[in-house]
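Chemist: What follows is the residue order along each chain.
There are 2 protein chains.
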Amino acid sequence: MKITFCCTGTKPEPWLAGLRAAFPGAQVEVWQAGAPAADHAVVWAPPQQFFDEQTQLKGIFNIGAGVDALLKLRLPPRATVVRLDDAGMSVQMAEYVCHAVIRYFREFDGYEADVKAGKWSYRKPRERALFPVGVMGLGVLGQRVAQALTQFEFPVLGWSRSVKAIEGVRCFAGAAQFNDFLRASKVLVNLLPLTPETRDIMRLDTLAQLQAGGYVINVARGAHLVEEDLLTLLDRGQLAGATLDVFRTEPLPAEHPFWRHPQITITPHTSARTLRDESIAQIAGKIRALEAGQPIVGIVDSVRGY
Amino acid sequence: MKITFCCTGTKPEPWLAGLRAAFPGAQVEVWQAGAPAADHAVVWAPPQQFFDEQTQLKGIFNIGAGVDALLKLRLPPRATVVRLDDAGMSVQMAEYVCHAVIRYFREFDGYEADVKAGKWSYRKPRERALFPVGVMGLGVLGQRVAQALTQFEFPVLGWSRSVKAIEGVRCFAGAAQFNDFLRASKVLVNLLPLTPETRDIMRLDTLAQLQAGGYVINVARGAHLVEEDLLTLLDRGQLAGATLDVFRTEPLPAEHPFWRHPQITITPHTSARTLRDESIAQIAGKIRALEAGQPIVGIVDSVRGY
Chain F
0 MKITFCCTGT KPEPWLAGLR AAFPGAQVEV WQAGAPAADH AVVWAPPQQF
50 FDEQTQLKGI FNIGAGVDAL LKLRLPPRAT VVRLDDAGMS VQMAEYVCHA
100 VIRYFREFDG YEADVKAGKW SYRKPRERAL FPVGVMGLGV LGQRVAQALT
150 QFEFPVLGWS RSVKAIEGVR CFAGAAQFND FLRASKVLVN LLPLTPETRD
200 IMRLDTLAQL QAGGYVINVA RGAHLVEEDL LTLLDRGQLA GATLDVFRTE
250 PLPAEHPFWR HPQITITPHT SARTLRDESI AQIAGKIRAL EAGQPIVGIV
300 DSVRGY
Chain Y
0 MKITFCCTGT KPEPWLAGLR AAFPGAQVEV WQAGAPAADH AVVWAPPQQF
50 FDEQTQLKGI FNIGAGVDAL LKLRLPPRAT VVRLDDAGMS VQMAEYVCHA
100 VIRYFREFDG YEADVKAGKW SYRKPRERAL FPVGVMGLGV LGQRVAQALT
150 QFEFPVLGWS RSVKAIEGVR CFAGAAQFND FLRASKVLVN LLPLTPETRD
200 IMRLDTLAQL QAGGYVINVA RGAHLVEEDL LTLLDRGQLA GATLDVFRTE
250 PLPAEHPFWR HPQITITPHT SARTLRDESI AQIAGKIRAL EAGQPIVGIV
300 DSVRGY
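As they're listed, the protein sequences go chains F and Y.
Using numbering that gives the first Met the number 0, the first residue of the first sequence is number 0, and each one after it goes up by one.
Using numbering that gives the first Met the number 0, the first residue of the second sequence is number 0, and each one after it goes up by one.
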């Protein structure tokens, strides 16, 4: 078996070592133009030339949860495209989102400002029942985030394309229930896949439906959010803050207003990092299953877009 | 039945209204010197005179979890002293502690500094397995905090006076296992009751046993921590940071070094606030049980000290 590795911006050696350890008999190499045909590919942001040459691939394993960039390329006709499921990412998402929600709910920024001003302050606690958190996207990551939030007893709502049932989460589904979901949420957490349907889904007319003084937490893709519309709603006071890990252009350009906006917290696309060992173990298991003709989870539907 | 209310620094009206609603036939009044004998008292930091006069009290209900201040007073001989159990406090503690632990683990302060410097930064993720969190005190609050931390897949350790078993938590007990517990912890969370045995429990020789670059989170009582010893260990670089909600003197004096220490985050005793409606409901239920001769939880053992 031949496995080719083509991951932009990723140090290949530890991945090669891990894959070779998992498949002692296989040839595992970094892809180079003109390389012989491989059976499986481990990829992140590969060039079109890669797929134009490797037309006989059986499995294409994306080392991330989002495959929006991959699906813009012309892919080999018979290849199964597979995304990472969890692989240590869902706990990171739960951490990131819970930290941001608690920070807003408990007004830790306000306390920090008080302390800087030398003030031993009293702030009336916010009411938990009036702090509903809506999670858009209820895949592996969204479900984990929603469940983590229920533990802190926030009212938790979920919205997804198809109907889901998650304990402790009030689930909405499809376009018909989207406005009801937004109006019932004070905090909006985005964990949707990026598809033509979800691009720009957070914009003036949708975000304006969140409860007054609401918050936006975007940990999915920058293109889900119309950035100037967020600024408009913050300026108008309709929204109170945003925590953003992803942006339309990354790295965020130096002149971008998000860098210094007092109500916006930004992080450099770090909410859930691909963990190498977990990912290698998961990909190795799926290659074995594919080779044995067994079913696997995480197969990308190129029509649906994720 | 007569219920007297004697809570320093607490607006009485809403408490009286809630207690009257719970006991329509009872007399519920704010205590004044010379008032007639009551059956039950709802108290927070009452003066000694209160107990010297109200010698016939059957139940004394403290509107907080910690009774250390109360037990310094001479109490009526036959009274049952009762503390609040949870009543909305455990979820607040879980929020406060999880927020602080995640903030340290995910280096959110470092990212914030990078953003202020205009830097789109890369930081190698910390290893979760190397970030064990030890919780001292495994009562209602400590257990809830420990369980909340397990959800984020940190190795969680617990230490308590008597042996406890909590799913997903490696439990240590008693003085004999205290050093083992400390040496196995990188983050130390304090939720102990304040008693003669636990006073000053966080001091140079104990905190120095935490894993290098460790953190202290104190949400119990200020007198658990020898404040100058914490400063020494931070200065030496043995500890990396502390999040403190309680202090030996509160409000924290203006000249105190904690106000401006770059590695110390302080909040004004706000980690878990008494929630009025939940507390009234709990106290009313316990008064009914006591009157009916039924057992209740939360009875304070004055010898043990909590």
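Don't read these hints as lab results, they were simulated from the structure.
Heads up, a few of these hints could be off.
If chains are identical, the list can't say which one is meant, so a pair holds when it fits in one copy or spans any two.
[As the list claims (entries may be wrong)] Each computed PhoX-like pair below joins lysine-lysine, with the alpha-carbon atoms no more than 25 Å apart:
| # | residue 1 | residue 2 |
| --- | --- | --- |
| 1 | K123 | K57 |
| 2 | K71 | K118 |
| 3 | K118 | K1 |
| 4 | K163 | K57 |
| 5 | K10 | K118 |
| 6 | K123 | K163 |
| 7 | K1 | K57 |
Small disclaimer: the values here were computed from a predicted structure and weren't measured.
Chemist: Run every hint past the structure and note whether it holds.
Modeler: Here is how each hint holds up against the structure:
1. For the identical chains of this complex, K123 and K57 are neighbours neither inside a copy (59 Å) nor across copies (33 Å), given an alpha-carbon limit of 25 Å.
2. With identical chains, the CA atoms of K71 and K118 are never at most 25 Å apart, being 53 Å at best within one copy and 30 Å at best between copies.
3. Within a single copy, K118 and K1 get their C-alpha atoms no closer than 64 Å, and across copies no closer than 40 Å, so neither meets the 25 Å cut-off.
4. In this assembly of identical chains, K163 and K57 lie within 25 Å of each other by CA distance neither inside one copy nor across copies; the values are 31 Å within and 52 Å between.
5. In this homomeric assembly, K10 and K118 come within 25 Å of each other (Cα to Cα) only across copies, at 22 Å, whereas the closest approach inside a single copy is 48 Å.
6. When the C-alpha separation of K123 and K163 is checked against a cutoff of 25 Å, the pair qualifies neither within a copy, at 36 Å, nor between copies, at 35 Å.
7. Taking the closest pair of Cα atoms, K1 and K57 come within 25 Å of each other only inside a single copy of the chain (11 Å); across copies the shortest separation is 80 Å, beyond that limit.
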